[in-house]
Amino acid sequence: MRKVCLDSVHQFAKVDDRIVFIGSDLGHGVLEGMKNEIPERFFMEGISEQHVIGMAAGLAMEGFIPYVNTIATFLTRRCYEQVALDLCLQNLPVRLIANGGGVVYAPLGPTHLAIEDIAIMRVLPHMTVVAPCDADEMRRFMSKSVDWPHPIYIRLAKGGDAVVSKEEYGFEIGKAIMLCNPGEGLFVTTGTMTQLALRAATQLENEGISCGVLHVHTVKPLDYSILAHWLPKVGHVVTVEEHTRIGGLGSAVLEFCNDEMPEQAVKITRIGIPDRFAEQYGSQNSLLAHWGITTDSLCDTMRKQLQKA
Amino acid sequence: MGSDLPSKVIRRLIINMIEVEKRGHIGPAMSLVEMLHVLYDTFLRYRADEPLWLDRDRLILSKGHGCLALYAILAHKGFFPLNELATFGKANSRMGGHPEWGKVPGVEASTGALGHGLPIGVGMALACRIRKQNYRVVVITGDGELNEGSMWEAAMSAAKHKLSNLTVLVDYNKLQAYGSTSEVLDLEPLADKWRSFGFAVEEVDGHDVIALGSLMSRLPLDPQKPTAVICHTIKGKGIHFAEGAAEWHHKSGLSAEEIAAMYSCLD
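From first to last, the protein sequence lines stand for chains A and B.
Residues in the first sequence are numbered consecutively from 1, following my numbering.
Residues in the second sequence are numbered consecutively from 1, following my numbering.
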């Protein structure tokens with residue numbers, strides 16, 4: 001996913017002289033091709049995220065479209081004021097490519113785990129938050145990113161994730177995709193949690209319980225119309241995200257309900273990371289399992305809630 | 001120094017604005033007046049009737065709380081009508097307590113939170129180079145603002161990229177909100193700091209318009225380096241009872257007598 005994302009920046013930059021790339025201190029050889037071909041629009045600025053965001057803002061104010069890349073935690077926590085004021089207050093078309101959204105870097109510990117990035121990006125006016133589910137969808141998204149007139153936070157997953165999206169789904173920023181139509185239940189997911197939900201939906205289907213999967217690649221702006229259409233039609237909704245249960249996709253769906261159809265809020269259950277820092281290392285999957293974010297737990301939750309309904 | 005007529009005009013406009021809501025960052029604006037006056041009269045290339053002219057020089061007031069002085073000079077130079085200054089701080093005004101890009105003609109960046117202007121200025125200076133344009137970027141920073149690490153991150157970057165089209169003017173009035181800069185977080189040796197970060201550096205009396213003009217006519221000081229000019233100034237300059245007085249950093253609820261006393265300093 002990351003490779004597709006960065007390669008896209010290079011490809012766009014070849015034909016669009018507004019595109020610039022800014023990294024902090026990325027792995028050796030990242031975008032070497034772009035660096036060699038277009039050195040004047042390739043920057044590796046060092047571990048200085050506050051400066052990097054301000055510099056990207058300055059370039060954007062002069063008509064450039066900067067794609068900024070570093071690890072998600074450093075791109076959100078360290079330079080939050082710059083993101084808020086330089087990018088969002090001024091509403092500039094800067095793209096933040098965040099490596100390791102969620103707990104991708106599980107072995108590296110809590111300093112490197114982006115568990116609240118969606119929440120803190122989502123609350124900023126003008127910010128768009130996107131979390132594609134696989135590399136193919138990332139490619140489709142990237143082609144739409146160039147001319148989007150606002151800042152975008154792009155949450156990357158681990159890489160090598162199963163491809164579950166299809167070309168025919170297309171990609172429109174702010175338009176969620178129903179991967180399989182709802183029956184009794186509906187999973188609402190973002191990023192690679194969509195894969196987990198698809199597996200859960202298949203497992204439940206084998207038990208005779210029909211569940212849909214709504215893939216919300218754009219957490220902000222949230223697709224109100226698709227939620228308004230489907231929520232009243234299902235027995236229960238389980239939101240799933242690799243993110244704290246506070247402030248992410250699940251919260252956004254509840255906010256939608258509160259604003260638009262309060263009676264639907266009772267059928268929402270949120271699955272996500274509990275309100276605490278990681279106590280374990282291990283792998284991304286082991287950490288998610290530790291918090292009960294597994295195919296089985298998705299199935300259990302949906303089963304129980306549908307029984308109640 | 002500081003008694004030249006244009007500077008007095010700007011100071012009077014600043015007091016006009018303060019008078020409206022009886023409040024404002026007075027000290028930080030007054031220390032800037034000669035710097036802005038010399039910049040707009042002798043150095044910056046701009047078109048007041050075409051504020052987004054592509055080849056204009058970019059001036060970023062990184063110490064956004066000094067914006068009273070910026071609004072005054074912009075109005076004085078015709079970026080917007082002088083009588084609009086009287087809207088300062090009102091609900092529907094374009095001019096608030098910190099300047100916003102896209103609202104006030106001539107304001108090049110939204111500042112107010114400190115430590116943002118220099119990184120943005122680096123981006124603008126790089127944009128100039130990529131596009132093979134010839135504009136220059138000037139960033140005015142406060143001294144207290146240099147407590148912010150982001151300024152030094154950006155300074156390293158400016159030197160790395162040899163941004164000779166970028167000049168930093170430090171309004172070194174030696175007072176921040178709590179007290180003296182030496183007491184709160186000492187900046188010295190400030191000139192050596194900038195030199196060690198890769199800048200060409202000069203120091204000047206920031207109220208001496210002739211010295212300022214002469215120095216600016218020699219920019220860039222080094223064709224391979226960004227420039228830092230340390231402007232030694234007096235906070236509250238021109239209002240004798242506010243000069244060097246930390247309590248005049250920001251005032252609200254000013255009385256008619258205090259306003260009158262401020263005007264009388266300019267007589």
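Misleading hints may appear alongside valid ones.
Unchecked claim - Derived DSBU-like pairs (lysine-lysine); straight-line CA-CA distance at most 30 Å:
# : chain 1 : residue 1 : chain 2 : residue 2
1 : B       : K132      : B       : K160
2 : B       : K77       : A       : K35
3 : A       : K3        : B       : K160
4 : B       : K160      : A       : K35
5 : A       : K35       : A       : K3
6 : B       : K22       : A       : K35
What the hints assert, rightly or not - Where chain A lies over chain B, by a calculated footprint (3+ residues, C-beta under 8 Å):
# : stretch
7 : 120-128
8 : 182-190
9 : 234-241
In short, the hints are calculated from the structure, not lab data.
C-beta atoms are modelled at their ideal positions from N, C-alpha and C, and glycine is treated no differently.
Can you name, in rising order, the numbers of the hints this structure does not satisfy?
2, 6, 8, 9
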